[in-house]
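For the sequence shown, the working numbering gives the first residue as 4, with consecutive numbering after it.
Hint data in this document are derived by calculation from the structure and do not stem from the laboratory. All residues carry an ideal CB built from backbone N, CA and C; glycine is no exception. Honestly, I wouldn't trust all of these hints.
For each label pair, taking beta carbons as the anchor points, the in silico distance ranges come out as [stated by the list, open to error]:
{"id": "1", "residue 1": "43", "residue 2": "100", "range": "13 to 23 Å"}
{"id": "2", "residue 1": "94", "residue 2": "32", "range": "30 to 40 Å"}
{"id": "3", "residue 1": "85", "residue 2": "60", "range": "17 to 27 Å"}
{"id": "4", "residue 1": "93", "residue 2": "32", "range": "33 to 43 Å"}
{"id": "5", "residue 1": "70", "residue 2": "93", "range": "34 to 44 Å"}
{"id": "6", "residue 1": "21", "residue 2": "43", "range": "15 to 25 Å"}
{"id": "7", "residue 1": "32", "residue 2": "96", "range": "33 to 43 Å"}
{"id": "8", "residue 1": "114", "residue 2": "31", "range": "11 to 21 Å"}
{"id": "9", "residue 1": "96", "residue 2": "28", "range": "31 to 41 Å"}
Calculated lysine to aspartate or glutamate pairs in the EDC-like style (CA-CA distance at most 20 Å, straight line) [claimed, not checked]:
{"id": "10", "residue 1": "104", "residue 2": "21"}
{"id": "11", "residue 1": "57", "residue 2": "21"}
{"id": "12", "residue 1": "56", "residue 2": "41"}
{"id": "13", "residue 1": "57", "residue 2": "82"}
{"id": "14", "residue 1": "104", "residue 2": "70"}
{"id": "15", "residue 1": "87", "residue 2": "41"}
{"id": "16", "residue 1": "89", "residue 2": "107"}
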Amino acid sequence: FALTLAGEEGSPVVLAEEATSIAIRCLSQNVYCFDHWDKLYTDNLVASVALLKKLVDDDHFFRLPSDALLTVIVNQTMESFRRKNKRAIIAEGGANCSLYKEADEYCTLISKSLSRGSGRSKLRHITAAAAALDILEKENSIYFDEAFSICI
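Take these sequences, add in the hints, and give me the full structure.
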(Lines of atoms letter the chains of each structure in order from A and count residues from 1; the text may use other names and numbers.)
(Lines give C-alpha, C1' and ligand atoms only; values in the text may rest on other atoms or scores of the structure.)
Protein backbone atom coordinates (compact mmCIF):
# COMPACT_ATOMS: atom_id res chain seq x y z
CA PHE A 1 0.00 0.00 0.00
CA ALA A 2 2.76 2.46 0.92
CA LEU A 3 4.57 1.72 -2.33
CA THR A 4 1.46 2.49 -4.38
CA LEU A 5 0.81 5.68 -2.44
CA ALA A 6 4.42 6.85 -2.81
CA GLY A 7 4.10 6.83 -6.59
CA GLU A 8 0.51 7.95 -6.91
CA GLU A 9 0.26 10.78 -9.41
CA GLY A 10 -1.26 13.83 -7.82
CA SER A 11 -0.40 12.74 -4.28
CA PRO A 12 0.73 15.59 -2.07
CA VAL A 13 4.51 15.62 -1.69
CA VAL A 14 4.28 15.20 2.08
CA LEU A 15 2.05 12.15 1.68
CA ALA A 16 4.35 10.60 -0.93
CA GLU A 17 7.38 11.18 1.31
CA GLU A 18 5.62 9.61 4.29
CA ALA A 19 4.61 6.61 2.18
CA THR A 20 8.22 6.21 1.05
CA SER A 21 9.37 6.33 4.68
CA ILE A 22 6.83 3.64 5.59
CA ALA A 23 8.06 1.45 2.73
CA ILE A 24 11.66 1.88 3.92
CA ARG A 25 10.61 0.93 7.44
CA CYS A 26 8.95 -2.22 6.08
CA LEU A 27 12.10 -3.13 4.16
CA SER A 28 14.29 -2.64 7.21
CA GLN A 29 12.01 -4.63 9.53
CA ASN A 30 11.20 -7.56 7.27
CA VAL A 31 13.74 -8.73 4.74
CA TYR A 32 11.07 -10.61 2.78
CA CYS A 33 9.43 -7.31 1.83
CA PHE A 34 12.17 -7.06 -0.82
CA ASP A 35 10.65 -10.12 -2.52
CA HIS A 36 7.21 -8.53 -2.37
CA TRP A 37 8.58 -5.28 -3.77
CA ASP A 38 10.08 -7.24 -6.65
CA LYS A 39 6.59 -8.47 -7.56
CA LEU A 40 5.15 -4.93 -7.46
CA TYR A 41 8.08 -3.20 -9.15
CA THR A 42 6.87 -2.59 -12.72
CA ASP A 43 3.28 -1.86 -11.70
CA ASN A 44 4.54 0.84 -9.31
CA LEU A 45 7.53 2.16 -11.21
CA VAL A 46 7.30 5.80 -10.08
CA ALA A 47 7.10 4.73 -6.44
CA SER A 48 9.90 2.20 -6.91
CA VAL A 49 12.19 4.86 -8.37
CA ALA A 50 11.33 7.20 -5.49
CA LEU A 51 12.10 4.45 -2.98
CA LEU A 52 15.39 3.50 -4.67
CA LYS A 53 16.38 7.17 -4.76
CA LYS A 54 15.57 7.61 -1.06
CA LEU A 55 17.55 4.49 -0.17
CA VAL A 56 20.61 5.81 -2.00
CA ASP A 57 20.33 9.55 -1.24
CA ASP A 58 19.57 9.30 2.45
CA ASP A 59 21.86 6.32 3.06
CA HIS A 60 18.90 4.31 4.38
CA PHE A 61 20.29 1.29 2.64
CA PHE A 62 23.38 1.35 4.81
CA ARG A 63 21.27 1.42 8.00
CA LEU A 64 19.53 -1.83 7.15
CA PRO A 65 20.69 -4.89 9.11
CA SER A 66 23.97 -6.03 7.61
CA ASP A 67 23.68 -9.80 7.76
CA ALA A 68 24.51 -12.17 4.94
CA LEU A 69 20.90 -13.19 4.27
CA LEU A 70 19.87 -9.56 3.77
CA THR A 71 22.81 -9.02 1.44
CA VAL A 72 21.76 -11.97 -0.71
CA ILE A 73 18.11 -10.94 -0.84
CA VAL A 74 18.83 -7.28 -1.60
CA ASN A 75 21.36 -8.24 -4.26
CA GLN A 76 18.90 -10.66 -5.89
CA THR A 77 16.20 -8.00 -5.82
CA MET A 78 18.46 -5.37 -7.40
CA GLU A 79 19.52 -7.83 -10.11
CA SER A 80 15.88 -8.65 -10.80
CA PHE A 81 15.08 -4.93 -11.05
CA ARG A 82 18.00 -4.43 -13.44
CA ARG A 83 16.76 -7.26 -15.70
CA LYS A 84 13.27 -5.72 -15.72
CA ASN A 85 14.75 -2.29 -16.44
CA LYS A 86 16.76 -3.56 -19.40
CA ARG A 87 13.78 -5.44 -20.86
CA ALA A 88 11.54 -2.39 -20.50
CA ILE A 89 14.09 0.01 -22.00
CA ILE A 90 14.44 -2.23 -25.05
CA ALA A 91 10.73 -3.01 -25.41
CA GLU A 92 9.06 0.26 -24.44
CA GLY A 93 11.43 3.07 -25.26
CA GLY A 94 9.03 6.00 -24.84
CA ALA A 95 8.11 7.94 -21.73
CA ASN A 96 8.95 5.34 -19.10
CA CYS A 97 12.40 4.79 -20.58
CA SER A 98 13.91 7.58 -18.50
CA LEU A 99 12.35 6.18 -15.31
CA TYR A 100 13.76 2.74 -16.02
CA LYS A 101 17.19 4.24 -16.70
CA GLU A 102 17.07 6.22 -13.46
CA ALA A 103 16.00 3.12 -11.53
CA ASP A 104 18.82 1.15 -13.12
CA GLU A 105 21.38 3.71 -11.92
CA TYR A 106 20.11 3.41 -8.34
CA CYS A 107 20.09 -0.39 -8.53
CA THR A 108 23.68 -0.33 -9.78
CA LEU A 109 24.76 1.93 -6.89
CA ILE A 110 23.12 -0.36 -4.35
CA SER A 111 24.62 -3.48 -5.95
CA LYS A 112 28.08 -1.91 -5.95
CA SER A 113 27.78 -1.01 -2.29
CA LEU A 114 26.88 -4.64 -1.57
CA SER A 115 29.92 -5.92 -3.42
CA ARG A 116 32.33 -3.83 -1.34
CA GLY A 117 33.69 -5.50 1.72
CA SER A 118 36.00 -8.22 2.81
CA GLY A 119 36.20 -10.23 -0.39
CA ARG A 120 36.42 -13.97 0.27
CA SER A 121 34.93 -13.75 3.74
CA LYS A 122 31.90 -11.92 2.42
CA LEU A 123 31.58 -14.38 -0.46
CA ARG A 124 31.49 -17.29 2.01
CA HIS A 125 28.75 -15.58 4.01
CA ILE A 126 26.74 -14.84 0.89
CA THR A 127 27.07 -18.44 -0.32
CA ALA A 128 25.94 -19.77 3.06
CA ALA A 129 23.04 -17.34 3.15
CA ALA A 130 21.99 -18.31 -0.38
CA ALA A 131 21.91 -21.96 0.66
CA ALA A 132 19.89 -21.07 3.76
CA LEU A 133 17.51 -18.97 1.67
CA ASP A 134 16.99 -21.86 -0.74
CA ILE A 135 16.10 -24.16 2.16
CA LEU A 136 13.77 -21.55 3.66
CA GLU A 137 12.01 -21.01 0.34
CA LYS A 138 11.39 -24.73 -0.10
CA GLU A 139 10.26 -25.43 3.45
CA ASN A 140 8.41 -22.26 4.39
CA SER A 141 6.49 -20.99 1.39
CA ILE A 142 3.52 -20.24 3.65
CA TYR A 143 5.71 -17.99 5.79
CA PHE A 144 6.73 -16.02 2.70
CA ASP A 145 3.08 -15.43 1.78
CA GLU A 146 2.42 -14.11 5.28
CA ALA A 147 5.52 -11.90 5.17
CA PHE A 148 4.46 -10.46 1.80
CA SER A 149 1.01 -9.59 3.12
CA ILE A 150 2.62 -7.63 5.98
CA CYS A 151 4.33 -5.38 3.44
CA ILE A 152 1.10 -4.36 1.74
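Query raised in the report: So which hints don't hold here, by number, going up?
Result: Structure breaks hints 10, 14.
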